[in-house]
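Novice: This is what each chain is made of:
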Amino acid sequence: MLNILIVEDESETAAYTAKGLREEGHRVETAGNGRAGLEVALEGGFDVLVVDRMLPELDGLTLVRDLRAAGDRTPVLFLTALGSVGNRVKGLDAGGDDYLAKPFAFAELRARIEALSRRRAPAAAETDIAIGDLEIHRLERRVYRAGKPLPVPLKPKEFRLLEVLAEHAGRVVTRTMLLEQVWDIRFDPGTNVIDAQISRLRAKIDKGFDRPLLHTVRGVGYRLAPD
Amino acid sequence: MRPTDLLRTSAFRLTLVYLAVLAVFAFVGFRYLYSESLEALQFESRQTVAAEMEGLAEHYRQFGPRQLRAIVDRRVGYEDRSLYLLTDRWGRKAAGNLDAWPDTVRESGEWHDFHYRRAHDGEPPHLHSARAFVTDLPGGFRLLVGHDIGEEVALRRRIVVFGAAAGGLILLAGLAAGLLVSRDLRRRVEAVDETGRRIMEDGDLSRRVQVTGRGDEFDDLATSLNRMLARIELLMNELREVTDNVAHDLRRPLARLHARLEDVLRGPAEAGAYRDALERTVAEVRELMDTFNTLLAIARADSGPAPTLPVDLAGLGEDLVELHQPSAAERGIELEFAKDGRPPEIEGQPELLAQALSNLIDNAVKYTPEGGRVSVTVGPSGVAVADSGPGIAPDDRERVLERFVRLDPSRHLPGNGLGLALAAAAARRHNARLVLSDAAPDDRPPGLRVSLEFSPS
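The listed protein sequences derive, respectively, from chains S and W.
Throughout the first sequence, residue numbering follows my numbering, covering 1 to 227 in sequence.
Throughout the second sequence, residue numbering follows my numbering, covering 1 to 457 in sequence.
Just so you know, these hints were derived from the structure itself, not from any lab.
Some clues are possibly wrong.
Stated by the list, open to error - For each label pair, taking beta carbons as the anchor points, the in silico distance ranges come out as:
1) Asn431/W with Ser11/S: 42 to 48 angstroms
2) Gly71/S with Arg433/W: 48 to 54 angstroms
3) Leu309/W with Ser11/S: 35 to 41 angstroms
Glycine included, every Cβ here is placed at the ideal spot set by N, Cα and C.
Given the sequences, and given the hints that come with them, work out the whole structure.
Specialist: Spelled out as structure tokens, the structure:
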């Protein structure tokens, strides 16, 4: 369960989003303008802040800048109708951790919130990650399954793909998150591209083993987990 | 414009400062000139008096009072501009053309300036100015020798009057010039101001600031303002066009969505049918969102400033081929990357170029039948994507670059008809050309080759 603060002036979007996240078991608070949002955020205790870029009274960028200036490092996901590259860079420069353009699919938002909340945990920084009988040694860039090296070694991008999935092990990682984090791409590259990449990775890590680790979550993305 | 407004202009204030500085320097210079010339005149008259005094004193020492009196009397006869007074030990006048000691002359051995009354050339007596030296002679005699300094006084007065008049004239002329210059500057600034105000009032960006043709800094200012206005006008027009296009382009899918939802509502109220319709609607809305985003990307590529980052075309091509390879392989298509010479050095938007190139690769993979080949080649002129698909007839090549144009044989394939349009917009943004040609003109089918050719910079 995560403590989430949504700062969003459009009440309907805020209500749907909060409802969806509550149904996932999270505790959600909402604020309707920037000033109120900053006050609530400064009280602390949140795992993730979801902040709209354009807010009345205090815009999202200023809110996050002020928050960071006060020493608060809570992960921030910017929501915005301004989707261009320059705006995304501005948002990240202000201290945001991720950026999601409106309109978005709820599953995308949920996956990103969960990914952000895990940033606080050191898991992403660990040099060795184990998922079931899959071991990833990041420094040597080696992968073992059931104690043995993979029959077909991974290419650099495939290793990175596995790394990103492993950093979020047990959680859903969406296609756009993979595109951003593995290929640094923020557009849709076309039909099946990510699915085919995943199939190839799956063939290398799961083929020939009884228990698959790389799962497809229909319509949303992928999940690396022992079950 | 009221006169008080003119006094508040910065040009007029500068004029005042300039005049004040000028006045101070002119006054100091004049003062110096005045005292220098005065001293020279004074020196001259004192020389004359001193020489004469010395001669008379010597005469007295040699020949005694009687002879002195005689010589003084003689000189009085012909020296019109000289003054003499000799008195004996009792203070009685012994000789000279002054009747008594002037009031201000008391001490001997000193210089005295004083006024005296005297008649010249038959005119009635009036006050004259004189400078004199007084000496005590042995035997109780006292001698005053003086010189009329009327000319010196007159000259002094003329210098002062002339100086004051010249200074006053200069100040007046400066003030007048300052007012004229201020008015002129003010007018030209107001011309710029007026244009800005009008544009703000009616939003008519076709207005321009008047250029006088004098080629001065105001013309420079007006020219660069006009250039800025022209640029803004152009961008506004482009933006308007883009907005119109986007609105037009989205109307069709929205209408389709609307029609479907109404159709479901008219049908029987069954949860299953509703759910089915809703699922299709969500999928369609997502597609609509993609379309919308692509339209925005095209619009952004066509307007606004371009961030100029160095673009590594070869790296871009290689990465994208690697990204698309698995999906191409699934369709039984061989996708390969080749470097044929040194790629051009370009600056631009790497993300936009990546998206454009990705679209070209995706299209090639999509339209090439199973077992075909797609090659991405980076060379000196840019990057080219060639496939072994059906190709595009020369007559259609221009048309497929427009938004939403899909040729009949491809209608059954997924896609929104925006891929090539975006690539074309990216090409425009980078001053590059998007060239469509046959990949293998002698083969059947000829395949398609789409190349992004950068003009040498």
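Novice: Hint by hint, note whether the structure agrees.
Specialist: Hints, verified against the model:
1. Here the CB-CB span from Asn431/W to Ser11/S is close to 46 angstroms, well matched to the stated 42 to 48 angstroms.
2. Range check, Gly71/S to Arg433/W: Cβ separation about 53 angstroms, and the 48 to 54 angstroms hint holds.
3. Roughly 40 angstroms separates the CB atoms of Leu309/W and Ser11/S, a value that falls within the hinted 35 to 41 angstroms.
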